[in-house]
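Participant: Sequence:
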Amino acid sequence: TVADACREYVKHLKAHKGDQSSKDAEGRFNRLVFDKAIGKIALEKLQTRDVRTWLNDQVADEDEDDDEDLRKSKDSANRNLASFKAALNLALKDCLVATDAGWKTITPFRGVRRRRERMLDEAERKALLIACPDDLKLLVKGLLLTAARPGELAKATVADFNQLHGTLTLNGKTGRRIVTLSTATRQFLTDQCKDKLPTATILATNYGKEWTKDDWKKPFKEAVKTAKLPPDIVMYHLRHTAISELIMGGMQTSLVAMLAGTSTAMIDQHCGHLQHDKTRDMLDRVAIL
44 TVADACREYV KHLKAHKGDQ SSKDAEGRFN RLVFDKAIGK IALEKLQTRD VRTWLNDQVA
104 DEDEDDDEDL RKSKDSANRN LASFKAALNL ALKDCLVATD AGWKTITPFR GVRRRRERML
164 DEAERKALLI ACPDDLKLLV KGLLLTAARP GELAKATVAD FNQLHGTLTL NGKTGRRIVT
224 LSTATRQFLT DQCKDKLPTA TILATNYGKE WTKDDWKKPF KEAVKTAKLP PDIVMYHLRH
284 TAISELIMGG MQTSLVAMLA GTSTAMIDQH CGHLQHDKTR DMLDRVAIL
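If you count by our numbering, then the sequence shown holds residues 44 to 332, one letter each, in order.
None of these hints come from the bench; they were simulated from the model. Given the structure is predicted, the values throughout are model-derived calculations rather than measurements. Mixed in with the good hints, there may be bad ones.
Straight-line Cα separation of at most 20 Å, EDC-like style, residue types lysine to aspartate or glutamate; simulated pairs [to be verified]:
#, residue 1, residue 2
1, 184, 257
2, 79, 62
3, 216, 93
4, 83, 93
5, 198, 258
6, 264, 164
7, 268, 118
8, 128, 87
9, 268, 253
10, 66, 47
11, 184, 258
12, 147, 258
13, 252, 164
14, 115, 288
Restraint-style ranges between C-beta atoms, simulated for each label pair [stated by the list, open to error]:
#, residue 1, residue 2, range
15, 137, 324, 54 to 64 Å
16, 240, 85, 29 to 39 Å
17, 80, 291, 15 to 25 Å
18, 291, 138, 56 to 66 Å
19, 297, 95, 11 to 21 Å
20, 148, 67, 20 to 30 Å
Ideal placement from N, C-alpha and C gives every residue a C-beta, glycine not left out.
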(Lines of atoms letter the chains of each structure in order from A and count residues from 1; the text may use other names and numbers.)
(Lines give C-alpha, C1' and ligand atoms only; values in the text may rest on other atoms or scores of the structure.)
Protein backbone atom coordinates (compact mmCIF):
# COMPACT_ATOMS: atom_id res chain seq x y z
CA THR A 1 0.00 0.00 0.00
CA VAL A 2 0.93 3.68 -0.18
CA ALA A 3 1.34 3.70 3.61
CA ASP A 4 3.73 0.74 3.43
CA ALA A 5 5.85 2.60 0.88
CA CYS A 6 5.98 5.64 3.16
CA ARG A 7 7.05 3.51 6.13
CA GLU A 8 9.85 1.99 4.05
CA TYR A 9 10.94 5.49 3.08
CA VAL A 10 11.13 6.54 6.73
CA LYS A 11 13.40 3.55 7.41
CA HIS A 12 15.51 4.47 4.39
CA LEU A 13 15.95 8.04 5.63
CA LYS A 14 16.95 6.88 9.09
CA ALA A 15 19.62 4.59 7.64
CA HIS A 16 21.01 7.04 5.10
CA LYS A 17 20.29 10.55 6.40
CA GLY A 18 19.79 10.23 10.14
CA ASP A 19 17.09 10.57 12.77
CA GLN A 20 16.11 14.17 12.07
CA SER A 21 15.22 13.56 8.43
CA SER A 22 13.33 10.38 9.21
CA LYS A 23 11.37 12.01 12.04
CA ASP A 24 10.41 14.91 9.81
CA ALA A 25 9.05 12.59 7.11
CA GLU A 26 7.37 10.33 9.65
CA GLY A 27 5.61 13.34 11.18
CA ARG A 28 4.23 14.34 7.78
CA PHE A 29 3.06 10.81 7.02
CA ASN A 30 1.48 10.42 10.46
CA ARG A 31 -0.64 13.50 9.76
CA LEU A 32 -1.43 12.88 6.13
CA VAL A 33 -0.91 9.25 5.06
CA PHE A 34 -0.91 6.64 7.80
CA ASP A 35 -4.49 5.66 8.72
CA LYS A 36 -5.80 7.94 5.95
CA ALA A 37 -7.73 6.88 2.86
CA ILE A 38 -4.80 7.46 0.54
CA GLY A 39 -2.53 5.32 2.69
CA LYS A 40 -4.78 2.30 2.23
CA ILE A 41 -4.59 2.38 -1.58
CA ALA A 42 -2.49 -0.33 -3.22
CA LEU A 43 0.52 1.18 -5.02
CA GLU A 44 -0.43 -0.26 -8.38
CA LYS A 45 -3.93 1.18 -8.06
CA LEU A 46 -2.88 4.69 -7.07
CA GLN A 47 -4.26 7.20 -9.57
CA THR A 48 -3.32 10.78 -10.36
CA ARG A 49 -6.68 12.04 -9.13
CA ASP A 50 -6.06 10.37 -5.74
CA VAL A 51 -2.82 12.29 -5.26
CA ARG A 52 -4.26 15.54 -6.61
CA THR A 53 -7.21 15.33 -4.22
CA TRP A 54 -4.85 14.54 -1.34
CA LEU A 55 -2.73 17.58 -2.19
CA ASN A 56 -5.65 19.98 -2.67
CA ASP A 57 -7.26 18.92 0.59
CA GLN A 58 -4.25 20.34 2.44
CA VAL A 59 -4.86 23.84 1.12
CA ALA A 60 -6.76 26.43 3.11
CA ASP A 61 -10.26 27.21 1.96
CA GLU A 62 -10.22 29.56 -1.02
CA ASP A 63 -12.63 31.73 0.97
CA GLU A 64 -9.87 32.27 3.55
CA ASP A 65 -9.74 35.96 4.41
CA ASP A 66 -5.97 36.12 4.52
CA ASP A 67 -3.94 35.60 1.33
CA GLU A 68 -0.92 34.85 3.50
CA ASP A 69 -2.70 31.90 5.15
CA LEU A 70 -3.51 30.51 1.72
CA ARG A 71 0.07 30.95 0.55
CA LYS A 72 1.44 29.25 3.66
CA SER A 73 -0.88 26.27 3.31
CA LYS A 74 0.17 25.78 -0.32
CA ASP A 75 3.85 26.11 0.62
CA SER A 76 3.37 23.50 3.34
CA ALA A 77 1.49 21.21 0.95
CA ASN A 78 4.41 21.46 -1.49
CA ARG A 79 6.84 20.21 1.16
CA ASN A 80 4.50 17.35 2.02
CA LEU A 81 4.21 16.46 -1.66
CA ALA A 82 8.00 16.36 -2.02
CA SER A 83 8.31 13.81 0.81
CA PHE A 84 5.35 11.83 -0.49
CA LYS A 85 6.70 11.57 -4.04
CA ALA A 86 10.18 10.71 -2.72
CA ALA A 87 8.65 7.75 -0.84
CA LEU A 88 6.79 6.57 -3.94
CA ASN A 89 9.85 7.00 -6.14
CA LEU A 90 11.85 4.84 -3.75
CA ALA A 91 9.15 2.17 -4.03
CA LEU A 92 9.47 2.37 -7.84
CA LYS A 93 13.26 2.08 -7.61
CA ASP A 94 12.88 -0.98 -5.36
CA CYS A 95 10.50 -2.55 -7.92
CA LEU A 96 7.54 -2.51 -5.53
CA VAL A 97 5.43 -0.93 -8.27
CA ALA A 98 5.79 -1.08 -12.06
CA THR A 99 5.04 2.55 -12.95
CA ASP A 100 4.99 6.06 -11.52
CA ALA A 101 2.01 7.08 -13.65
CA GLY A 102 -0.12 7.66 -10.55
CA TRP A 103 2.01 10.52 -9.24
CA LYS A 104 4.57 11.58 -11.86
CA THR A 105 2.49 14.39 -13.36
CA ILE A 106 1.46 15.95 -10.02
CA THR A 107 3.34 19.24 -9.67
CA PRO A 108 3.69 21.59 -6.68
CA PHE A 109 1.85 24.89 -6.38
CA ARG A 110 3.74 27.71 -8.05
CA GLY A 111 4.71 31.09 -6.63
CA VAL A 112 4.06 30.22 -2.98
CA ARG A 113 7.50 30.41 -1.44
CA ARG A 114 7.84 32.61 1.59
CA ARG A 115 6.81 36.16 0.83
CA ARG A 116 9.48 38.74 1.46
CA GLU A 117 8.79 40.28 4.85
CA ARG A 118 8.42 43.99 4.37
CA MET A 119 7.15 46.81 6.51
CA LEU A 120 5.78 50.05 5.12
CA ASP A 121 7.51 53.16 6.40
CA GLU A 122 5.59 56.22 7.52
CA ALA A 123 5.64 57.90 4.10
CA GLU A 124 4.42 54.74 2.39
CA ARG A 125 1.62 54.30 4.91
CA LYS A 126 0.44 57.86 4.38
CA ALA A 127 0.55 57.46 0.60
CA LEU A 128 -1.45 54.24 0.82
CA LEU A 129 -4.12 55.76 3.04
CA ILE A 130 -4.51 58.71 0.68
CA ALA A 131 -4.91 56.34 -2.27
CA CYS A 132 -7.56 54.17 -0.61
CA PRO A 133 -11.31 54.71 -1.08
CA ASP A 134 -12.99 55.95 2.11
CA ASP A 135 -14.29 52.59 3.33
CA LEU A 136 -11.05 50.73 2.58
CA LYS A 137 -9.07 53.54 4.22
CA LEU A 138 -10.82 52.81 7.53
CA LEU A 139 -10.03 49.09 7.28
CA VAL A 140 -6.38 49.78 6.45
CA LYS A 141 -6.11 52.23 9.33
CA GLY A 142 -7.71 49.72 11.69
CA LEU A 143 -5.24 47.01 10.68
CA LEU A 144 -2.27 49.32 11.22
CA LEU A 145 -3.61 50.32 14.64
CA THR A 146 -4.37 46.79 15.87
CA ALA A 147 -1.89 44.44 14.12
CA ALA A 148 -4.87 42.14 13.60
CA ARG A 149 -5.38 39.75 10.72
CA PRO A 150 -7.66 41.25 8.07
CA GLY A 151 -10.44 38.71 8.62
CA GLU A 152 -10.35 39.12 12.39
CA LEU A 153 -10.92 42.85 12.23
CA ALA A 154 -13.45 42.56 9.40
CA LYS A 155 -15.62 40.26 11.54
CA ALA A 156 -15.38 42.33 14.74
CA THR A 157 -18.74 43.72 15.85
CA VAL A 158 -19.69 46.70 18.00
CA ALA A 159 -20.35 44.27 20.86
CA ASP A 160 -16.72 43.09 20.65
CA PHE A 161 -15.48 46.58 21.49
CA ASN A 162 -15.37 47.49 25.17
CA GLN A 163 -15.08 51.26 25.13
CA LEU A 164 -14.87 51.51 28.93
CA HIS A 165 -11.88 49.21 29.26
CA GLY A 166 -10.38 50.06 25.88
CA THR A 167 -10.26 46.46 24.66
CA LEU A 168 -11.36 44.58 21.56
CA THR A 169 -12.29 40.92 21.34
CA LEU A 170 -11.04 39.23 18.18
CA ASN A 171 -11.94 35.79 16.89
CA GLY A 172 -9.56 34.27 14.39
CA LYS A 173 -7.40 31.30 13.45
CA THR A 174 -5.80 31.19 16.91
CA GLY A 175 -9.14 31.39 18.73
CA ARG A 176 -10.67 34.14 20.81
CA ARG A 177 -8.49 36.81 22.40
CA ILE A 178 -9.01 40.17 24.08
CA VAL A 179 -6.49 42.83 23.11
CA THR A 180 -5.69 46.10 24.81
CA LEU A 181 -6.00 49.16 22.61
CA SER A 182 -3.99 52.34 22.52
CA THR A 183 -5.79 55.58 23.31
CA ALA A 184 -5.76 56.51 19.62
CA THR A 185 -7.13 53.12 18.61
CA ARG A 186 -9.88 53.29 21.25
CA GLN A 187 -10.94 56.68 19.91
CA PHE A 188 -10.84 55.41 16.34
CA LEU A 189 -13.10 52.48 17.15
CA THR A 190 -15.40 54.67 19.23
CA ASP A 191 -15.93 56.87 16.19
CA GLN A 192 -16.64 53.86 13.98
CA CYS A 193 -19.14 52.35 16.43
CA LYS A 194 -21.21 55.51 16.80
CA ASP A 195 -24.94 54.98 16.14
CA LYS A 196 -24.46 51.29 15.25
CA LEU A 197 -26.26 48.29 16.72
CA PRO A 198 -24.24 45.83 18.85
CA THR A 199 -24.47 43.19 16.12
CA ALA A 200 -23.16 45.48 13.38
CA THR A 201 -19.59 45.08 12.17
CA ILE A 202 -17.36 47.92 13.29
CA LEU A 203 -15.84 48.39 9.86
CA ALA A 204 -17.90 47.76 6.75
CA THR A 205 -17.94 48.56 3.05
CA ASN A 206 -19.75 51.62 1.75
CA TYR A 207 -22.73 49.32 1.18
CA GLY A 208 -22.84 48.29 4.83
CA LYS A 209 -21.49 44.82 3.99
CA GLU A 210 -18.94 42.93 6.06
CA TRP A 211 -15.54 43.04 4.41
CA THR A 212 -14.27 39.88 2.69
CA LYS A 213 -11.11 39.15 0.76
CA ASP A 214 -13.03 39.46 -2.50
CA ASP A 215 -14.20 42.94 -1.48
CA TRP A 216 -10.82 44.39 -0.54
CA LYS A 217 -8.42 42.58 -2.89
CA LYS A 218 -8.97 44.60 -6.08
CA PRO A 219 -9.35 48.09 -4.53
CA PHE A 220 -6.33 47.47 -2.30
CA LYS A 221 -4.25 46.47 -5.30
CA GLU A 222 -5.35 49.62 -7.11
CA ALA A 223 -4.50 51.75 -4.07
CA VAL A 224 -1.03 50.18 -3.92
CA LYS A 225 -0.53 51.07 -7.58
CA THR A 226 -1.79 54.63 -7.10
CA ALA A 227 0.49 55.08 -4.08
CA LYS A 228 3.43 53.89 -6.23
CA LEU A 229 4.25 51.07 -3.82
CA PRO A 230 5.80 47.73 -4.89
CA PRO A 231 3.11 45.63 -6.62
CA ASP A 232 3.65 42.66 -4.27
CA ILE A 233 2.32 44.61 -1.26
CA VAL A 234 -0.82 42.93 0.12
CA MET A 235 -3.01 43.30 3.20
CA TYR A 236 -0.73 40.96 5.14
CA HIS A 237 2.03 43.56 5.05
CA LEU A 238 -0.09 45.92 7.17
CA ARG A 239 -0.08 43.38 9.99
CA HIS A 240 3.66 42.85 9.64
CA THR A 241 4.17 46.63 9.64
CA ALA A 242 2.16 47.07 12.84
CA ILE A 243 3.99 44.23 14.61
CA SER A 244 7.35 45.66 13.51
CA GLU A 245 6.45 49.10 14.84
CA LEU A 246 5.49 47.62 18.21
CA ILE A 247 8.82 45.80 18.40
CA MET A 248 10.77 48.91 17.44
CA GLY A 249 8.81 50.83 20.04
CA GLY A 250 10.39 48.64 22.70
CA MET A 251 7.43 46.40 23.52
CA GLN A 252 8.29 42.93 24.85
CA THR A 253 8.02 40.08 22.37
CA SER A 254 5.62 38.13 24.58
CA LEU A 255 3.24 41.09 24.76
CA VAL A 256 3.38 41.72 21.02
CA ALA A 257 2.68 38.03 20.39
CA MET A 258 -0.33 38.14 22.71
CA LEU A 259 -1.75 41.26 21.06
CA ALA A 260 -1.21 39.93 17.55
CA GLY A 261 -2.43 36.43 18.28
CA THR A 262 0.78 34.68 17.25
CA SER A 263 3.73 32.95 18.91
CA THR A 264 6.91 34.50 20.25
CA ALA A 265 8.79 32.11 17.94
CA MET A 266 7.09 33.66 14.91
CA ILE A 267 7.83 37.16 16.19
CA ASP A 268 11.49 36.25 16.70
CA GLN A 269 11.69 34.63 13.28
CA HIS A 270 10.29 37.56 11.36
CA CYS A 271 11.15 40.56 13.54
CA GLY A 272 14.16 39.39 15.54
CA HIS A 273 16.51 41.74 13.70
CA LEU A 274 14.42 44.71 14.86
CA GLN A 275 14.89 43.66 18.49
CA HIS A 276 18.64 43.44 17.96
CA ASP A 277 18.68 46.92 16.44
CA LYS A 278 16.76 48.28 19.44
CA THR A 279 19.07 46.52 21.88
CA ARG A 280 22.12 47.83 20.04
CA ASP A 281 20.83 51.40 20.32
CA MET A 282 20.50 50.98 24.08
CA LEU A 283 23.96 49.40 24.35
CA ASP A 284 25.47 52.26 22.38
CA ARG A 285 24.14 54.73 24.94
CA VAL A 286 26.13 53.01 27.68
CA ALA A 287 29.72 54.30 27.95
CA ILE A 288 31.74 51.31 29.13
CA LEU A 289 35.18 52.36 27.88
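Participant: It remains to establish, for every hint, whether it holds in the given structure.
Facilitator: Against the structure, the hints:
Taking the CA atoms of residue 184 and residue 257, the gap is about 19 Å. The hint holds against a cut of 20 Å. A distance of roughly 24 Å separates the Cα atoms of residue 79 and residue 62; the hinted pair therefore is violated under the 20 Å criterion. Among the hinted pairs, residue 216 with residue 93 is inconsistent with the structure: their alpha-carbon atoms are about 28 Å apart, more than 20 Å. Distance check on the hinted pair: residue 83 and residue 93 sit about 11 Å apart at the alpha-carbon level, within 20 Å; holds.
Between residue 198 and residue 258 the alpha-carbon distance is near 13 Å, which keeps this suggested pair within the 20 Å criterion. At most 20 Å may separate the alpha-carbon atoms for a hinted pair to count; residue 264 and residue 164 meet this at roughly 18 Å. Between the alpha carbons of residue 268 and residue 118 the distance comes to roughly 27 Å, so the proposed pair goes past 20 Å and is violated. Taking the CA atoms of residue 128 and residue 87, the gap is near 14 Å; set against the 20 Å cutoff, the hint holds.
Restraint check for residue 268 and residue 253: the C-alpha separation of about 24 Å exceeds 20 Å, so the hint is violated. For a cut-off of 20 Å, the pair hint linking residue 66 to residue 47 stands: about 16 Å separates their Cα positions. A threshold of 20 Å between alpha carbons decides the hint, and for residue 184 with residue 258 the separation of about 16 Å falls inside it, so the pair holds. At roughly 38 Å between alpha-carbon atoms, residue 147 and residue 258 are farther apart than 20 Å, so this suggested pair is violated.
Restraint check for residue 252 and residue 164: not satisfied, since their Cα atoms lie roughly 30 Å apart, outside the 20 Å limit. Only pairs whose Cα atoms come within 20 Å are accepted, and residue 115 paired with residue 288 is rejected, the gap being roughly 23 Å. For residue 137 and residue 324, the Cβ-Cβ distance of about 58 Å falls inside the hinted range of 54 to 64 Å, so the restraint holds. Against the hinted window of 29 to 39 Å, the Cβ-Cβ separation of residue 240 and residue 85 comes to about 58 Å, which falls outside the hint.
At about 48 Å, the beta-carbon gap between residue 80 and residue 291 misses the expected band of 15 to 25 Å. A hinted range of 56 to 66 Å holds for the C-beta pair residue 291 and residue 138, which are about 59 Å apart. The hint said 11 to 21 Å for the Cβ distance between residue 297 and residue 95, and at roughly 42 Å that hint is violated. In this structure the supplied range 20 to 30 Å holds for residue 148 paired with residue 67, their Cβ-Cβ distance being about 26 Å.
Taken one by one, the earlier hints fail for this structure at numbers 2, 3, 7, 9, 12, 13, 14, 16, 17, 19, listed in ascending order.
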